[in-house]
Amino acid sequence: MSEVLVVIDHAEGEVKKPTYELLTIARRLGEPSAVFFGSADKADAVAEKVKKYGAEKVYVIDDADVEGYLVAPKAEAMQQLAEKAGGEGGLAAILFPSSFEGKEVAARLAIKIESGLITDAVDVQEGPVTTQSVFAGSYTVTAKVTKGTPIITVKPNSAAPEETEGAAAVEAFTPTISDGAKTAQIIASQPRQSTGRPDLTEAAIVVSGGRGTGGNFEPIENFADSLGAAVGASRAAVDSGWMPHAFQVGQTGKTVSPQLYVANGISGAIQHRAGMQTSKTIVAVNKDDEAPIFELVDFGVVGDLHTVLPAATEEITKRKG
Amino acid sequence: MKYVPDATADRQFESDNTVDRVGVDGLLSELDEYAVEQALQLKEKTEGEHEVIALCVGPEKAVDAARKALQMGADRAVHVVDDAIAGSDYVATSLVLAKAIEKIGTCDLVVCGMASTDASGSVVPAMLAERLNLPQVTLASVVEAQGDQVRIKRDNEGSTEVIGATLPIVLSVTDQTGEARYPSFKGIMAAKKKPLETLSLSDLGIEADQVGLAVAWSQVEETTERPPRTAGEIVTDEDGSGAVALAEFLASKKFI
Ligand SMILES: Cc1cc2nc3c(=O)[nH]c(=O)nc-3n(C[C@H](O)[C@H](O)[C@H](O)COP(=O)(O)OP(=O)(O)OC[C@H]3O[C@@H](n4cnc5c(N)ncnc54)[C@H](O)[C@@H]3O)c2cc1C
Numbered sequence: 001m002s003e004v005l006v007v008i009d010h011a012e013g014e015v016k017k018p019t020y021e022l023l024t025i026a027r028r029l030g031e032p033s034a035v036f037f038g039s040a041d042k043a044d045a046v047a048e049k050v051k052k053y054g055a056e057k058v059y060v061i062d063d064a065d066v067e068g069y070l071v072a073p074k075a076e077a078m079q080q081l082a083e084k085a086g087g088e089g090g091l092a093a094i095l096f097p098s099s100f101e102g103k104e105v106a107a108r109l110a111i112k113i114e115s116g117l118i119t120d121a122v123d124v125q126e127g128p129v130t131t132q133s134v135f136a137g138s139y140t141v142t143a144k145v146t147k148g149t150p151i152i153t154v155k156p157n158s159a160a161p162e163e164t165e166g167a168a169a170v171e172a173f174t175p176t177i178s179d180g181a182k183t184a185q186i187i188a189s190q191p192r193q194s195t196g197r198p199d200l201t202e203a204a205i206v207v208s209g210g211r212g213t214g215g216n217f218e219p220i221e222n223f224a225d226s227l228g229a230a231v232g233a234s235r236a237a238v239d240s241g242w243m244p245h246a247f248q249v250g251q252t253g254k255t256v257s258p259q260l261y262v263a264n265g266i267s268g269a270i271q272h273r274a275g276m277q278t279s280k281t282i283v284a285v286n287k288d289d290e291a292p293i294f295e296l297v298d299f300g301v302v303g304d305l306h307t308v309l310p311a312a313t314e315e316i317t318k319r320k321g
Numbered sequence: 001m002k003y004v005p006d007a008t009a010d011r012q013f014e015s016d017n018t019v020d021r022v023g024v025d026g027l028l029s030e031l032d033e034y035a036v037e038q039a040l041q042l043k044e045k046t047e048g049e050h051e052v053i054a055l056c057v058g059p060e061k062a063v064d065a066a067r068k069a070l071q072m073g074a075d076r077a078v079h080v081v082d083d084a085i086a087g088s089d090y091v092a093t094s095l096v097l098a099k100a101i102e103k104i105g106t107c108d109l110v111v112c113g114m115a116s117t118d119a120s121g122s123v124v125p126a127m128l129a130e131r132l133n134l135p136q137v138t139l140a141s142v143v144e145a146q147g148d149q150v151r152i153k154r155d156n157e158g159s160t161e162v163i164g165a166t167l168p169i170v171l172s173v174t175d176q177t178g179e180a181r182y183p184s185f186k187g188i189m190a191a192k193k194k195p196l197e198t199l200s201l202s203d204l205g206i207e208a209d210q211v212g213l214a215v216a217w218s219q220v221e222e223t224t225e226r227p228p229r230t231a232g233e234i235v236t237d238e239d240g241s242g243a244v245a246l247a248e249f250l251a252s253k254k255f256i
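Chains as they are written, first to last, in our numbering: chain B, 1 to 321; chain X, 1 to 256.
Please keep in mind that the hints were generated in silico from the structure rather than gathered at the bench.
Note that CB positions come from ideal geometry on N, CA and C, so glycine has one too.
Hints may contain errors.
To be verified - Listed below are several chain X residues computed to face chain B (Cβ distance under 8 Å; list not exhaustive):
id, residue
1, T18
2, V22
3, A126
4, G240
5, A245
Claimed, not checked - Covered by chain X, per the in silico footprint, the following chain B stretches (three or more residues, Cβ under 8 Å):
id, stretch
6, 19-30
7, 50-56
8, 84-95
9, 118-125
10, 312-320
Excised from the complex, chain B in its bound form (with noise of 0.2 Å):
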């Protein structure tokens, strides 16, 4: 079988739920073999996760090589790789997580290797196959590579990720990284303060909150707490400096698919709806029963955020027990 590349998305070497869809992914193709880019005193226990769902290989390429650079680094780093991997029969396909690196990423390595570029896939089938949401979720698109090795980046929540026993057979990859690369430089990075909540684009449940909230959130979050989801936010209620920009879901923000979105106090703009409208059940509590939102949801309350989501938190609680 031939192997297929996967870079994995870790933060500190902690591997995110994306990364064990894409090798879930990975294995309907070839034979997985899993790319992290990371410190090489991580690579063992990193390797023990991916391990579990099925990666035969794992592909170390310490930091310090690509560290401190944007993505130009890590695309010489991969079209190296992915001239050594694979033996004769070359890779089966090379796989991104569809985060805004992954794609650029990606990008790069398919002008250096001549190869087609699919990006945000919600699902990848044998041949491969893609499948992509487009405009705004109102068309589903099936495509192909057609020349070179497949690159495809796939979106969070495009597959239920599967459990098999890999090998898991770590091999150090030392890239040459020219210096023409190493020109975008990163002079300072500041994590975000963990909220404590699941991470937005891979929660099962989002809870997000626009200019209905009037600025207060609480209720939004409150609310979010009592089903353990994560809280994002509409452009307007970020441009009113209510909530930090890496809570927007939309077509600026983040786009979210996740089994349940609850949208409070938002319109339903087109451009929200880009980031949120392949959600599996969707529901709206708005208090103008003509909002636009209320084409799209599921189960809709025409009502005032601030009494019914306090009072459904209270009801959820209750149920709880």
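Given chain B, put chain X with the ligand in place with the hints provided.
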């Protein structure tokens, strides 16, 4: 800059699975307006030492995108139009853009929007940087330039970063960089006299078989309109009934 179908209209595909760019009104991708704005602001800070050139690739009508940029204040515009380009993927689009930039001559800065409002791939700036052999600095929310040094602030997935780079670079900016200006009446009148150059593939030294749908490195096989969501249940809250109904619904779907 990209000319895109209006996102608030019913966007569709043609029978060959390319985006319908005729049946739906088009406009300059809103996110590219922020790029034009940044270019203008940076130019204003250097007191006229620089020139802002608006570049777009697209069908005849895409010239409207170039015109809008001229109205906003760009000094001149270049529109690459050629029937052979229709259906091009990211890869071919980035090739045409790169060749056009080389043809224009030395550019200190290539500014792009963070994504187009139709495909939202966010990969063309990176591909362009790769082809021009330049660093890419993407997703800027704040841009500061002094001489040939650029500093940007951006929100990355898990952190806020400050990036430093030396010109020339490919930059992409988000809608956090600040509102894009509206063309003034004066701007609209002045735009009519500004140079707008049209280039074809042969002007750029690109063969027709290097671009277009037939040679795209990735191809769409099928497009299906998503069935409209079936109307959900909507209740009106009265004396707390909304909260109970909401909890009831969530429980029925096993979210509680
Ligand atoms: C280029 C571009 C990119 C954009 N990107 C994004 C993006 O990524 N994400 C995004 O969200 N938007 C984005 N927008 C903005 C988008 O067009 C809308 O302006 C925005 O989504 C509106 O936010 P909102 O729904 O919170 O506010 P509004 O549209 O003002 O809606 C507020 C809603 O709250 C309801 N309400 C008020 N009070 C209450 C109450 N007490 N209880 C219940 N309901 C109440 C009102 O009935 C109304 O429906 C973008 C716009 C542009 C031009």
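Quick one: which hint numbers does this structure break? Sort them smallest to largest.
-> Hint check: 1, 2, 6, 7 and 8 fail, others pass.
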